[in-house]
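S.K.: Here is what each chain is made of, one letter per residue.
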Amino acid sequence: MDYQFSHTISIGGLSIGYGKTKIAQNINFSLESGSLCAIVGINGIGKSTLLRTIGGFQPKLSGFIQVLGHDLESQQPEQLAKELSVVLTEPPASKNLTVQELIALGRQPYTNWMGKLTETDKNQISESLNAFLLTDLRDRKCHELSDGQLQRVLIARAMAQDTPVILLDEPTTHLDLYHKVQILKMLRELAHERKKTIIFTTHEIELAIQLCDRMLLLDGSENPFGDPCKLIEEKHFEHLFPADMVQFDPKTGSFRVNK
Amino acid sequence: MQKVGTYRLSFGLMALALVLSCLLNISSGSVNIPFADMWSILFGGTSEMDSWQYIIWEYRIPKALTAILVGGGLSLSGLLMQTLFRNPLAGPFVLGISSGASLGAALLLMGASLLTGMGTFSVLGNISMALAASIGSFLVLSVVMLVAQRVKDTMALLIIGLMFGSITSAIVSVLAYFSNAEQLQRFIFWSFGSVGNLHPNQIWLLGLIVLVGVVLSMISLKPLNAYLLGEHYAQSLGVSLKKSRLIIIVATGLLAGGITAFAGPIAFVGLAVPHLTRQIFDTMEHKILIPAVFLYGAILMLLCDMIAQLPNSANILPINAITALVGAPVVIWLLVRKRKMIF
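Taken in order, these protein sequences are the chains called A and B.
Going by the working numbering, the first sequence opens with residue 1, and the numbers climb by one from there.
Going by the working numbering, the second sequence opens with residue 1, and the numbers climb by one from there.
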């Protein structure tokens, strides 16, 4: 997919929070298509709030958020649904849906009033099933799936929605290391091969350093953004957590416990 | 989601069951009319007794039609509520919606009779009855909805619904205390529930209300399916939450309120039928569930009404008691087999 503008998403001078409580401010970054970006930071710094604000679930306090060159707030919900899809931490309300039914719901922005699936829709659904190794599980009910499988289903649904931008809130929580890496590698593949812009929040900083093209470090002041290697060189990870517990080791790109 | 075809057989059987239960319902009643005579009366022929013709056309067929509208409509309102609240135990009776309708009806029957002086059931009286019951159910539904947004807990919501039921029935008791015997009797007979004795005009009005409810549900197909993922996901799929929620609430209020106005508060049908339907139609797709739930509810209501008529006896049991006798065990059975309650 080609866009006449270079950035699929750009954010400037953004402050987020609820009503009068400001949670984070001075957030600036833009992303191109085909890039995987992690948002990291200490608990409570506003990662999820930022993601919910970009997703349009809560109003921003100030600054701008542009998706495909248009202000987020000016978009109709139907239009936005074709530009931006989400994977949230909350499980689907009905676990009685089959894998295929749940993924098919991702096609809603494109279907008629009855939700009739066209050939394009069906192809997109089976591609999503394939990409996330779910073809054999297609007729399973969601309550029969493991956490890792359910997470893959939810991401496959976002893929089926076929939006240039995909947001994910902590897609790797509750998963073991193997499945964390599996999910992140799948996201990386999705971003690179299908030219999606993928933004996710995570606590897996070390994995994110290895797998992401860009990272946003919410540290409560500067909120540095950029290439993980560049962020390491500029010693930004050192300030991510208070130094009394853990220390960042730039050589290995990992955190060491202060004993 | 695209497998409407696989359910064709089930739909065929359901339609057949509806026709059969309709015939059974018409054939049974206090007066014993042989099946052959009923058949010839239905196809415009003659029968041994002229009165039979009158009974069938003027009493039993309207009653069967009402049962279909009441059963189908109530079940549909239950389905809408379960999806809207994403709660398998939601239903017009449990959430206090029927009590809201009762309150509206009670205010009209016992409270406002001084104002309008509607002693007899005129068409205007019917409309005001339907309106009062619908407004009552809208009010309770809106308050429950407001509370539901603050309290995410399934059980808390049900308890709140129960409390609303208690509040409305308390107000009804107070009204009853101050009203005269005739008004009280009318209210009590209404509260037993009945699908008989409706004037053709009332059936037309009921049909119109149910039709509007069905149409509103059909235009909400996509939002309803999207709600299965949760409100945030629905929003991200382009569903306008405010608009779709309003349409679904109006549809539910019209169905539950309108039906309660004409047939009285009928228990458990709205709660139980969607679950019973899912035992046959193993899907969450509303495109399939809406017609299936309507059919199933209509069949169940026709059968319940048949039992209430106590074939060949002059006594008629309150239909509310029959549906509770059938519905409550179903709910218990569903709760015990918890896995099937997964919504």
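Simulated from the structure, these hints should not be mistaken for lab results.
Treat the numbers as computed from the prediction; the structure is a model and nothing was measured.
Idealized CB from N, CA, C, for every residue including glycine.
Heads up, a few of these hints could be off.
Away from chain A, derived, C-beta distances all over 10 angstroms, residues of chain B [what the hints assert, rightly or not]: (1) 27; (2) 197; (3) 204; (4) 221; (5) 227; (6) 237; (7) 284; (8) 285; (9) 343.
With a straight-line cut-off of 30 angstroms between C-alpha atoms, the simulated BS3-like cross-links for lysine-lysine are [what the hints assert, rightly or not]: (10) A/20 with A/95; (11) A/185 with B/287; (12) B/242 with A/20; (13) A/185 with A/251; (14) A/116 with A/82; (15) A/22 with A/95; (16) A/251 with B/243; (17) B/243 with A/116; (18) A/22 with B/287; (19) B/287 with A/116; (20) A/116 with B/242; (21) A/141 with A/180; (22) A/122 with A/230; (23) A/230 with A/95; (24) B/242 with A/259; (25) B/242 with A/82; (26) A/116 with A/195; (27) A/20 with B/287; (28) A/251 with B/287; (29) B/242 with A/235; (30) A/230 with A/195; (31) B/287 with A/141; (32) A/95 with B/242; (33) A/180 with A/82; (34) A/82 with A/230; (35) A/122 with A/95; (36) A/180 with A/116; (37) B/243 with A/122.
S.K.: Each of the hints needs a verdict: does it hold here or not?
M.R.: Checked hints:
Distance check on residue 27 of chain B: its Cβ is at least 38 angstroms (rounded) from any Cβ of chain A, clearing the 10 angstroms threshold; non-interface status holds. With a minimum CB-CB distance of about 38 angstroms to chain A, residue 197 of chain B clears the 10 angstroms threshold, and the non-interface call stands. The non-interface label for residue 204 of chain B is consistent with chain A: the shortest C-beta to C-beta separation is roughly 28 angstroms, beyond 10 angstroms. For residue 221 of chain B, the shortest C-beta to C-beta distance to chain A comes to about 6 angstroms, within the 10 angstroms cut-off, and the non-interface label is violated.
Remark: the non-interface label on residue 227 of chain B conflicts with the geometry, its nearest Cβ contact in chain A lying 7 angstroms away (cut-off 10 angstroms). The Cβ of residue 237 of chain B does not lie farther than 10 angstroms from every Cβ of chain A; its closest approach is about 5 angstroms, which violates its non-interface assignment. Residue placement check: residue 284 of chain B does not keep its beta carbon more than 10 angstroms from all beta carbons of chain A (closest about 5 angstroms). Some Cβ of chain A comes within 10 angstroms of the Cβ of residue 285 of chain B; the nearest lies about 7 angstroms off, and the non-interface call is violated.
Not every CB of chain A lies more than 10 angstroms from the CB of residue 343 of chain B, the least distance being 5 angstroms, so the non-interface label is violated. Between residue 20 of chain A and residue 95 of chain A the alpha-carbon distance is near 36 angstroms, which puts this suggested pair outside the 30 angstroms criterion. Only pairs whose Cα atoms come within 30 angstroms are accepted, and residue 185 of chain A paired with residue 287 of chain B is rejected, the gap being roughly 37 angstroms. Between the alpha carbons of residue 242 of chain B and residue 20 of chain A the distance comes to roughly 24 angstroms, so the proposed pair stays at or under 30 angstroms and holds.
Restraint check for residue 185 of chain A and residue 251 of chain A: the C-alpha separation of about 23 angstroms stays at or below 30 angstroms, so the hint holds. Between the alpha carbons of residue 116 of chain A and residue 82 of chain A the distance comes to roughly 17 angstroms, so the proposed pair stays at or under 30 angstroms and holds. Restraint check for residue 22 of chain A and residue 95 of chain A: not satisfied, since their Cα atoms lie roughly 35 angstroms apart, outside the 30 angstroms limit. With a C-alpha separation of about 55 angstroms, the suggested pairing of residue 251 of chain A with residue 243 of chain B is violated against the 30 angstroms cut-off.
For the proposed pair residue 243 of chain B and residue 116 of chain A, the alpha carbon gap of about 22 angstroms is at most 30 angstroms, so the pair holds. Distance restraint check for residue 22 of chain A and residue 287 of chain B: the Cα-Cα separation of roughly 44 angstroms exceeds the 30 angstroms cut-off, and the hinted pair is therefore not satisfied. This hinted pair checks out: residue 287 of chain B and residue 116 of chain A have alpha carbons roughly 10 angstroms apart, not beyond 30 angstroms. For the hint linking residue 116 of chain A to residue 242 of chain B, the alpha-carbon distance of about 24 angstroms falls within 30 angstroms, and the restraint holds.
At most 30 angstroms may separate the alpha-carbon atoms for a hinted pair to count; residue 141 of chain A and residue 180 of chain A meet this at roughly 22 angstroms. Of the supplied pair hints, the one linking residue 122 of chain A and residue 230 of chain A is violated, its CA atoms being roughly 42 angstroms apart against a limit of 30 angstroms. Our distance criterion of 30 angstroms between C-alpha atoms is broken by residue 230 of chain A and residue 95 of chain A, whose separation comes to about 43 angstroms. Restraint check: the Cα-Cα separation between residue 242 of chain B and residue 259 of chain A comes to about 54 angstroms, which exceeds 30 angstroms; the hinted pair is violated.
At most 30 angstroms may separate the alpha-carbon atoms for a hinted pair to count; residue 242 of chain B and residue 82 of chain A meet this at roughly 20 angstroms. Taking the CA atoms of residue 116 of chain A and residue 195 of chain A, the gap is near 27 angstroms; set against the 30 angstroms cutoff, the hint holds. Our distance criterion of 30 angstroms between C-alpha atoms is broken by residue 20 of chain A and residue 287 of chain B, whose separation comes to about 43 angstroms. Distance hint between residue 251 of chain A and residue 287 of chain B is unfulfilled; the C-alpha atoms sit about 58 angstroms from each other, more than 30 angstroms.
Taking the CA atoms of residue 242 of chain B and residue 235 of chain A, the gap is about 47 angstroms. The hint is violated against a cut of 30 angstroms. A threshold of 30 angstroms between alpha carbons decides the hint, and for residue 230 of chain A with residue 195 of chain A the separation of about 23 angstroms falls inside it, so the pair holds. About 19 angstroms separates the Cα atoms of residue 287 of chain B and residue 141 of chain A, which keeps this hinted pair within 30 angstroms; it holds. Using a Cα cut-off of 30 angstroms, the hinted pair residue 95 of chain A and residue 242 of chain B holds, with the two alpha carbons roughly 24 angstroms apart.
Between residue 180 of chain A and residue 82 of chain A the CA atoms are separated by roughly 27 angstroms; this keeps the pair inside 30 angstroms, and the hint holds. Restraint check for residue 82 of chain A and residue 230 of chain A: the C-alpha separation of about 33 angstroms exceeds 30 angstroms, so the hint is violated. Between residue 122 of chain A and residue 95 of chain A the CA atoms are separated by roughly 22 angstroms; this keeps the pair inside 30 angstroms, and the hint holds. A threshold of 30 angstroms between alpha carbons decides the hint, and for residue 180 of chain A with residue 116 of chain A the separation of about 35 angstroms lies outside it, so the pair is violated.
Among the hinted pairs, residue 243 of chain B with residue 122 of chain A is consistent with the structure: their alpha-carbon atoms are about 29 angstroms apart, no more than 30 angstroms.
The structure shown violates the earlier hints numbered 4, 5, 6, 7, 8, 9, 10, 11, 15, 16, 18, 22, 23, 24, 27, 28, 29, 34, 36.
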